[in-house]
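> The chain contents come next:
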Amino acid sequence: MAMGDAKRQPQVIEVGDGAAIPLKSDVGLFTAWRVAFFGAVAALAYLGLTQPDPYLRILLFVPDGILVTFEVTMASILLALVIGLFTGLGRLAKNRLVNGIASLYVEVIRGIPLLVQIFYIYYALGRIVRIPDLYSAVIAMAVCYGAYMGEIFRAGIQSIPRGQMEAARSLGMTHAQAMRHIIIPQAFKVVLPPIGNEFIALLKDSSLVSILAVSDLLRRGREFASESFTYFETYTVVALIYLALTLFFSKLIGHMEERLGVDKRAA
Amino acid sequence: MVEAQAISKFFGAFRALDRVSFDVHEGEKVVVIGPSGSGKSTLLRSINGLERIDRGRMLVDGVDIHAPGTDINKVREEVGMVFQSFNLFPHKTVLENLTLAQIIVRRRARADAVERAKGLLAKVGIPEKAGAYPSQLSGGQQQRVAIARSLAMGPKLMLFDEPTSALDPEMIGEVLEVMKALAREGMTMVVVTHEMGFAREVADRVIFMDAGVILEEGPPSQFFNNPAQERTKLFLSQIL
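Protein chains in written order, with the numbering used here: chain A, 1 to 267; chain B, 268 to 507.
Just so you know, these hints were derived from the structure itself, not from any lab.
Keep in mind that a hint or two might mislead.
[Said to hold, decoys possible] The following label-pair restraints were derived from C-beta to C-beta distances:
| hint | chain 1 | residue 1 | chain 2 | residue 2 | range |
| --- | --- | --- | --- | --- | --- |
| 1 | B | Ile506 | A | Leu252 | 55 to 63 Å |
| 2 | A | Leu260 | B | Gly421 | 50 to 58 Å |
| 3 | A | Asn95 | B | His292 | 37 to 45 Å |
| 4 | A | Gly126 | B | Ala378 | 35 to 43 Å |
| 5 | A | Asn95 | B | Gln505 | 28 to 36 Å |
| 6 | A | Arg180 | B | Ala376 | 19 to 27 Å |
| 7 | A | Pro161 | B | Leu326 | 27 to 35 Å |
Predicted model, so just to flag it, every value in this text is computed and none were measured.
Ideal Cβ positions, reconstructed from N, Cα and C, are used throughout, including at glycine.
All chains should be built: construct the whole structure from the sequences, respecting the hints.
Here it is as structure tokens:
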């Protein structure tokens, strides 16, 4: 029966914005993912081959930026994961001060647009301490996404049944030991899908750092366009590359989740 | 071993335990029965501090466990607990379930912990499941693993909170057999259960609780054949 099946579904926690990871059930040959991904790659290849000027020149000019985009994204997500874990734990802490600080951080950061935060860290705080562009960018992204990650970790930890903590504590483990060995490892599995979505969202949002003097993909495109006046051509290429990147990583993460998420609990 | 002195526990305005006093001597097997909501699980959980009491004193092995400054984790190392819902760690193998607390709480060497764990798995009758994950076991097997996990710590006292209530009928026997074997070895046990056969056979003393108080207690022969209280008679007539 449908109800019985629904009961056996693994626990799913709420995801903030639209899911970027393709669903497993979405397996047809002409899925939106295939059409979009191979369409984007084919379009880039076609344009580069048939109209090497300016398309091939653009394609040769921007790869440095892809690397920077990737670096900013990876550095930011790793830092955001650490911030998020501690924020999530802080939001669950009984200590009022710790809980208050974590909650305030989440509320404040979620209430300010990322672009404003980037400006704030680079220009406003830059008046006090001069932080290099790349670091400003990574810090701003990590601080922002850390708040969202914190909520994901909090929900993930709360989704673990209370009996797990009780069993661990009744064996003489401290609260910290139980968290580290029992609760957090189980929560990690629950939070993988929403974290995958955050990664994709962060990859896209990383284009905001082109505002600073960080030569990411969008920035490199802008440099090329403003010198050659080929705005239409350049931004078409940039958009197609972002699309291909996003789709590629969402597929990759989907595969990773499938492998990591192999449910050891399933008989 | 356990000495409860007039303990009370409130959930909001609801009085779950009302000045309950009782004690458990070393080697004694005490079975606690009573209707649901009578406070028997709360009583059991207050013995290892999973439930904080609001009034009274709970002494375990001479230690006032709810006193400020008591290291509750030290007490819990000596008090094993088995839950209705097993609460095995699903992300760890059966063997890891048994060795984790030995290693990080008791600070035993891994090899010692593994050896002890394997011995206990043999004792509860499932040595071949050491490498399995809990979900690959039947309910009865999971509960036997949970008992072994508690025993691995080398407790002086074992608490059982309705250990067979979540099991299919055909699996109840295998768990009760393990508990009986443990009783024969002289373990001090406090068992909350609805298994009256087990109470008759194993208990030194049966405690009957209702509405947060102990209504009656005594050896099983007297308790089952000749209960003093009307409430006890009514309860026994309903479940036997």
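> Kindly confirm whether 50 to 58 Å is satisfied by the beta carbon distance between Leu260 (chain A) and Gly421 (chain B).
Since Leu260 (chain A) and Gly421 (chain B) have Cβ atoms about 36 Å apart, the given range 50 to 58 Å is violated.
> Assuming the hint says 27 to 35 Å, is it satisfied by the Cβ distance from Pro161 (chain A) to Leu326 (chain B) or not?
holds (31 Å)
> Taking 35 to 43 Å as the hint, is the beta-carbon distance of Gly126 (chain A) and Ala378 (chain B) inside that range?
Violated, at about 57 Å.
> With respect to the beta-carbon atoms only, verify the hint that Asn95 (chain A) and His292 (chain B) lie 37 to 45 Å apart.
With a Cβ separation near 40 Å, Asn95 (chain A) and His292 (chain B) satisfy 37 to 45 Å, so the hint holds.
> Taking 19 to 27 Å as the hint, is the beta-carbon distance of Arg180 (chain A) and Ala376 (chain B) inside that range?
holds (20 Å)
> Range hint 55 to 63 Å: satisfied by the CB atoms of Ile506 (chain B) and Leu252 (chain A)?
Since the Cβ atoms of Ile506 (chain B) and Leu252 (chain A) sit about 58 Å apart, the hinted range of 55 to 63 Å holds.
> Measuring from beta carbon to beta carbon, are Asn95 (chain A) and Gln505 (chain B) in 28 to 36 Å?
violated (47 Å)
Taken one by one, the earlier hints fail for this structure at numbers 2, 4, 5, listed in ascending order.
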